[in-house]
Structure formats: C-alpha cells, structure tokens
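With the hints as constraints, model all of the structure from the sequences given.
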Amino acid sequence: MKDVRILHGELVPGAALDHFGAAHPEAGGIVSFVGKVRPDGTVEELELKHYAPLTLKGMEELADATLARWPLDGLLLHHRTGSMRPGEPIVLVAAAARHRRDAFEAADFAMDNLKSDAWFWKREKRAGEWHWIEPREQDHADLERWG
Amino acid sequence: MSVKLVFLGKLADLAGAPDKNVPAPLDWQGLLEALPGPLGEAAKGDKVKIALNGTVLADRTLLAAGQGDEVALLPPVSGG
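Keeping their order, the protein sequence lines are chains A and B.
At position 56 of the first sequence the residue is numbered 56 (this note's numbering), and the sequence of numbers has no breaks.
At position 45 of the second sequence the residue is numbered 45 (this note's numbering), and the sequence of numbers has no breaks.
No lab work stands behind these hints: they were computed from the structure.
C-beta: ideal position from N, C-alpha, C; glycine also.
Be careful, since some hints might not be right.
To be clear about the criterion: a stretch of chain A counts as covered by chain B if any three or more of its residues have a C-beta under 8 Å from a C-beta of chain B, and this derived list gives those stretches [what the hints assert, rightly or not]:
1. 52 to 65
2. 104 to 116
3. 129 to 135
Below, the structure is given as structure tokens:
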C-alpha cells in the first residue's frame, strides 16, 4: 500500500516507478512527480541531512494522512539524503488510484507536505562555500491550500 | 552515563560537531548552560524544537532527560 523510503544512494525514478506500477495492477492510473536538484548555474553541490528517529517516521505519517484522505491503491514516497549534484533526482512521489483526480491530488498534497514539513536540512555549496537553506514562504503558502 | 545531544542543520556547524555528551540528568536550563556562546543563543531561538528519543516536545522547557537519553536540537527544516 505504502512504500516510504529514505535513500542514501542514487534515486532511479524509472526503475522505482516500474516496480510500483507492477505492484498495483488494479490501479486505473498512476501520477508521479520527480523533484530534481535545480540546476541554476552557481550551485555545485547540495547536501541533505536528516535525523533518523524523526525523518522516516514523519514521512510514514504523511503517507498515512494521504492514504486516509484519498482512495488510493498505493502511495510511494522516496527521498534522498546525503550529497548530490544539480540535475540529479532528489525526491519521487507516486500515487496509484482507480481514478486520475485522486492520484493527481494525492501526489500534489504529499509533495507540498514534503517540501515544507519533512525533517530535512539542506545546504548548498556555491563558489566553494556551504550555505544552509532557510525555509521558503512559498512552500508554506502551498501547504495552506490544503486546509 | 550521560545524555547525548544531537545537533541538526546549522546548529551542528555552531557546535563544531554533530553530537556531544553531557552529564545526566538534563533539563531545559541545564541544556542551555551546556551550550556555550553562539550555539546557546541559537538554541534559545523560538523556532528551534527539541526532540527527546525521537519525539518532538510540545513544550521544550519541560525537557527532562536521563542517562542514555538522546536529545536532538532541531532548527527550522529546509524541507524536502
């Protein structure tokens, strides 16, 4: 039903989605979102830190809340931690449902929550120096759409 | 035996290490006293949360950690 993971290595969206699709043959559709380390020309490296006792538990609770809100056949939340380069996938969310509207909304809801509430701390290296990334107002505004 | 402090995000930079052991028992006042200079100032910030053994405290000033406990100092998350 739910497939929630913190990945310490590479995230390969195609392979994960093939597996997820095969696990939910009953679904009428699957919506997925791949978030990448945004290439902006100046960031050389992104590093995510997580806190094991909280981060996975928080993602599991988010998955449960999403499953309680939409009739889904399955929900996948995979998030990388550690060091990564611009252009690399960092997060994958997929929702399998009987009908597409539920799958779209559930994936959107899960992403909005991951972006603002997940227990990750990020820093990026620019010109050889590390900078911690502060919370973004826009992420909190996105989350408020869901009431 | 001691209490293990875990520093996340920029608090780890200020601490100069990801964790530190301090004597048990430990309450909120004792925690602040155990953190020197800028680290203590940052920990006092309204947005810093405290988790005891993986559970975030609703009121961090009620912290009561004993030997073998893990206390995490959590600055605002950057998000996923």
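These are the hints, each one checked on the structure:
Counting residues of the stretch 52 to 65 of chain A whose beta carbon lies closer than 8 Å to any beta carbon of chain B gives 3, which reaches the threshold of three, so the coverage claim holds. With 3 residues carrying a beta carbon less than 8 Å from a beta carbon of chain B, the stretch 104 to 116 of chain A meets the three-residue requirement, and the given coverage holds. Residues of the stretch 129 to 135 of chain A with a Cβ under 8 Å from some Cβ of chain B number 4, which satisfies the need for three, so the listed coverage holds.
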